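Colleague: Note that the protein sequences, when read in sequence, are chains A and B. For the first sequence, the positions run 1 to 108 when the working numbering is used. For the second sequence, the positions run 1 to 111 when the working numbering is used.
A hint or two may mislead.
What the hints assert, rightly or not - PhoX-like cross-link-like pairs, simulated, lysine-lysine; straight-line CA separation at most 25 angstroms:
1) B:K22 x B:K67
2) A:K70 x B:K22
3) A:K42 x B:K22
4) A:K56 x A:K70
5) B:K44 x A:K95
6) B:K52 x B:K71
Simulated from the structure, these hints should not be mistaken for lab results. Predicted model, so just to flag it, every value in this text is computed and none were measured.
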Amino acid sequence: QKEVEQDPGPLSVPEGAIVSLNCTYSNSAFQYFMWYRQYSRKGPELLMYTYSSGNKEDGRFTAQVDKSSKYISLFIRDSQPSDSATYLCAHNTDKLIFGTGTRLQVFP
Amino acid sequence: DTAVSQTPKYLVTQMGNDKSIKCEQNLGHDTMYWYKQDSKKFLKIMFSYNNKELIINETVPNRFSPKSPDKAHLNLHINSLELGDSAVYFCASSFSSYEQYFGPGTRLTVT
């Protein structure tokens with residue numbers, strides 16, 4: 001079992017939709033929870049991180065962590081074609097452990 | 001004003017050859033990393049250096065040898081390349097382990 005699991009998608013939604021991306025993890029020692037975004041043929045870039053359970057909002061993006069069920073989510077409101085990318089959840093102990101990524105496509 | 005740069009961007013080579021990938025960061029970070037991303041987009045850490053000192057060495061074949069001449073540079077040398085080494089290799093740097101800045105990647109194809 002991988003330490004971090006993600007549905008690989010692809011997830012295809014129309015512009016303006018609310019997108020929910022999900023991740024489960026197995027190691028309770030994880031403290032920080034991150035979402036990285038990776039455009040095609042580019043390096044990943046940090047989108048959001050959160051340290052604790054609960055929600056964290058940044059513009060159209062909301063990260064949600066539920067440590068009791070070891071589940072994290074990223075919600076994207078009013079999705080745009082420019083949001084089309086692979087979204088990688090990640091957690092850390094002494095290093096980053098990435099999920100396999102979910103490919104999102106937002107069509108006009 | 002590129003933050004993390006890698007050269008080359010593409011590398012096509014034959015099995016058995018030796019090749020190097022170079023990485024430089026101008027962010028003033030103390031820690032640098034090498035990651036491998038396979039064809040299924042799974043991103044896995046290989047090595048991490050802090051101030052030129054190796055601090056993470058995952059179970060990577062010893063054909064892979066990282067070298068950090070100074071804290072702004074981290075190179076990766078690969079001996080006796082194999083077909084399974086084909087992947088995208090990313091360099092990254094950071095102050096903290098969770099906020100890492102990635103380079104554009106080096107797409108290695110071994111034929």
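Colleague: Determine for every hint whether it applies to the structure shown.
Modeller: These are the hints, each one checked on the structure:
1. Distance restraint check for K22 of chain B and K67 of chain B: the Cα-Cα separation of roughly 10 angstroms lies within the 25 angstroms cut-off, and the hinted pair is therefore satisfied.
2. Using a Cα cut-off of 25 angstroms, the hinted pair K70 of chain A and K22 of chain B is violated, with the two alpha carbons roughly 37 angstroms apart.
3. Between K42 of chain A and K22 of chain B, the direct Cα distance comes to roughly 17 angstroms. Compliance with the 25 angstroms bound is thereby established for this hinted pair.
4. A threshold of 25 angstroms between alpha carbons decides the hint, and for K56 of chain A with K70 of chain A the separation of about 16 angstroms falls inside it, so the pair holds.
5. A hinted pair counts as satisfied when its Cα atoms are at most 25 angstroms apart, and K44 of chain B with K95 of chain A qualifies at roughly 10 angstroms.
6. Taking the CA atoms of K52 of chain B and K71 of chain B, the gap is near 5 angstroms; set against the 25 angstroms cutoff, the hint holds.
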